[in-house]
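All residue numbers for the sequence shown refer to the numbering used here, where the first residue is 2 and numbers rise by one.
Hints listed in this document are in silico derivations from the structure and should not be mistaken for laboratory results.
One or more hints might be untrue.
Label pairs and their in silico Cβ distance ranges [stated by the list, open to error]:
(1) Pro109 with Ala20: 16 to 24 Å
(2) Lys61 with Val40: 19 to 27 Å
(3) Lys112 with Ala41: 14 to 22 Å
(4) Pro6 with Glu77: 14 to 22 Å
(5) Gly55 with Leu118: 28 to 36 Å
(6) Glu77 with Gly102: 36 to 44 Å
(7) Glu110 with Thr54: 33 to 41 Å
Owing to the predicted nature of the structure, the values given are computational and were not obtained by experimental measurement.
We put the CB at the ideal spot given by N, CA and C, even for glycine.
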Amino acid sequence: MLLQPHIIYLQWMQQVAWAHSGELGLDLAAYQRLDAAMVARHHDMTYLAPCFTGDDLILKTWLTHTDGFNLHRHYEFIRGQDDKKVFEGSTHWVCIRLSTGRPIRMPPEFKTAYILL
2 MLLQPHIIYL QWMQQVAWAH SGELGLDLAA YQRLDAAMVA RHHDMTYLAP CFTGDDLILK
62 TWLTHTDGFN LHRHYEFIRG QDDKKVFEGS THWVCIRLST GRPIRMPPEF KTAYILL
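I would like the entire structure built from these sequences, with the hints used as guidance.
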């Protein structure tokens with residue numbers, strides 16, 4: 002078994018964030034139609050245990066803060082074989098206008114979808 006490189010954790014964070022946004026109806030096509038997107042401003046990542054090629058992982062994500070401009074997303078990765086938390090992290094996301102790259106208020110569709118549960 003090979004140890005997973007650190008960059009893969011960031012890729013998994015991105016994948017699970019996109020999957021969650023897609024479930025909320027905000028996929029890439031919606032971002033383009035609305036000319037708005039959430040972009041990462043800051044990542045915080047804590048490695049708790051190693052992951053190896055072939056490990057079964059459960060990737061969890063949820064929103065912890067939203068204010069109309071920003072949102073914060075938390076992540077936990079659990080190794081299925083022993084139910085051990087191997088990683089936790091968070092990302093601070095900022096809403097931008099795709100056509101300009103400048104920060105904007107979230108469009109109503111974002112505010113409706115990105116709610117705290």
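So, going through the hints one by one against the coordinates:
1. Pro109 with Ala20: 16 to 24 Å: Holds, at about 23 Å.
2. Lys61 with Val40: 19 to 27 Å: holds, 22 Å
3. Lys112 with Ala41: 14 to 22 Å: holds, 19 Å
4. Pro6 with Glu77: 14 to 22 Å: Holds, at about 20 Å.
5. Gly55 with Leu118: 28 to 36 Å: holds, 32 Å
6. Glu77 with Gly102: 36 to 44 Å: Violated, since Glu77 and Gly102 (Cβ atoms, about 31 Å apart) do not stay within the stated range.
7. Glu110 with Thr54: 33 to 41 Å: holds, 39 Å
Of the hints listed earlier, the one the structure fails to meet is number 6.
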